[in-house]
Amino acid sequence: MARRGWYWLLLVPVVVPLLPFLYNADEPRLFGFPRFYWLQLAFIPLSVVVTLIVYRRTRTPADEPGGE
Amino acid sequence: MGTHTTEIIIAVAVFGLVSVMGFVASRWRRPTTLRHLDEWGLGGRNFGAWITWFLVGGDLYTAYTFVAVPALLFGAGAMGFFAVPYTIIVYPLVFLFLSRLWTVAHEGGHVTPADVVRARSGSATLALLVAITGIVATMPYIALQLVGIEAVLKAMNVPGSWPLIAAFAVLAAYTYQSGLRAPALIAFVKDLLIYVIIIVAVLWIPAKLGGWGAIFGAAEEKFAATGATLLNAGNQWQYVTLALGSALALFLYPHSITGVLASRSRDVVRRNMAALPAYSLLLGLVALLGYMAIAAGVTPVVTDGKPDANTVVPVLFDRMFPDWLAGVAFAAIGIGALVPAAIMSIAAANLFTRNIFKEYLKRDATPAQEATVSKVASLVVKFGAVAVILLVDPQFSIDLQLIGGVIILQTLPAVGLALFSRWWHRWGLVAGWVTGMALGTWLLYQIPNPAIGHKHFGGSAFPVKNWFDPGVLGLAPNTAVYVGFLAVIANIVVAALVTVAARSAGGHAQRVRT
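So the sequences go chain by chain: D and E. Numbered per the numbering used here, the first sequence spans residues 1 to 68. Numbered per the numbering used here, the second sequence spans residues 1 to 514.
A couple of the hints might just be wrong.
If you want a taste of the chain D side facing chain E, the calculated C-beta under 10 Å gives, among others [what the hints assert, rightly or not]:
#	residue
1	Val12
2	Pro17
3	Phe21
4	Pro28
5	Phe31
6	Gly32
7	Tyr37
8	Leu41
9	Ile53
10	Asp63
Note that these hints are calculated values from the structure, not bench results. Only a predicted model underlies this, so the values are computations on that prediction, with no experimental measurement involved. Note that beta-carbon positions come from the ideal geometry of N, C-alpha and C, so glycine has one too.
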């Protein structure tokens, strides 16, 4: 994939937390948390992983330490 | 509850230690001179990944956030949890924006968002509008930090307004002396304290209350009539548009941009976009303190006959923690107010200096004069905030902050969209701003809040039925939408239409000339 193409991946953690039908329910529960609460908290690692992938894949030589 | 002597002693001691750090900060990463706006106002533009993480995290997740978000869950249930999707989507959303903003500002030596607008659009008028919007939106935000401190003072039964004045006087003094280095250094302590307190709280308090199942059970019981521990068909759109609108607005606030521009490189900014969500997890857990307060049977502190919902978290800590730990927690919230207040006052002062003073009053100001003006302006801003909180009903600041979120979002086309494309015409951006400001203010004016007896500016959720029958679109009759979201859409549409008109007129003029 071209370097800039990776940026489209950022749409995933932007769009997913804005879809209430995914999480607006009580069941299944996790450690006593209704789905509404645990699933939205679970989107945090999703966002971190995606952003980290994009960060690594779109680094340019100028971004490397000592590259500037 | 008894007396609060231990809590007060611990809180004052931690607070004092941090104040010393604020003054020492002027010698931290020692600059050759602080008499330059890049040094005083941006900490030398040389912060690495760790400092930036603490600084931006300490800047965005304010004391007010930490007391108001759980208070919202305590009072309204699931709706208050919007802060979680909001702070999840914000970083991927602004990844490219901040990356580009840093590069443009670095190359042009820009200090404020309005500097960038000035350079990109060539319009001093547009830059002035962005600067004024930024200052107006930031002022009540600073005042709200005092509301956060006030909530702690109420929970400790400390009367009078002198502790607030003292805290802000110390803050003003070390910000004046050390500039952005002071909040950057203090942010380490603030954030570490808050992380520790919250981790202890989410392990300790549920254990004492019978587990998470019991906590959610208590919340469900409280909201049994409305089922508000989940969203309903009517407030789902409000939840989504509020999360998206708030995320779009966050990095348009001048203080957020100050934290970003102070970093050393584009890479530091981009790497932080992947690291900052750690704070979102913290915020999610903080939010749930609101439900813990329900399960613990907490009632808000009542002052002058009015219950203050913002006190539920401090009261929860007071009741659940041993005194010394509650003291540390209260200090953490207090310091949590000072870091953002310092950065906000610096950001507002920089806007005044660069985009009003230098642009309109003294064009040939030297960097040293800029730094001096900014230092004085930061004092004025902070004492203004204290005066507003002490002399006017704090509800006034809360209402203003609500408006502030809507109006800062109206700088999105000028600051955000124009950063990526030269297509936007300056008069299109001005017209869009005017439209968004007018529509946003007008919609907010129409929203009452019966709970506090306000006819206007009572909330940011606009009921769709005021305009048309939501059933036409297959929406629930009580569907509401975030005002800022509606206003910024109108803003972008008008900006685009006027751009098309101006460009075709301009293109025509060019053809006539040639």
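- [ ] State the violated hints by number, sorted upward, taking the hints as numbered earlier in the document.
- [x] 4
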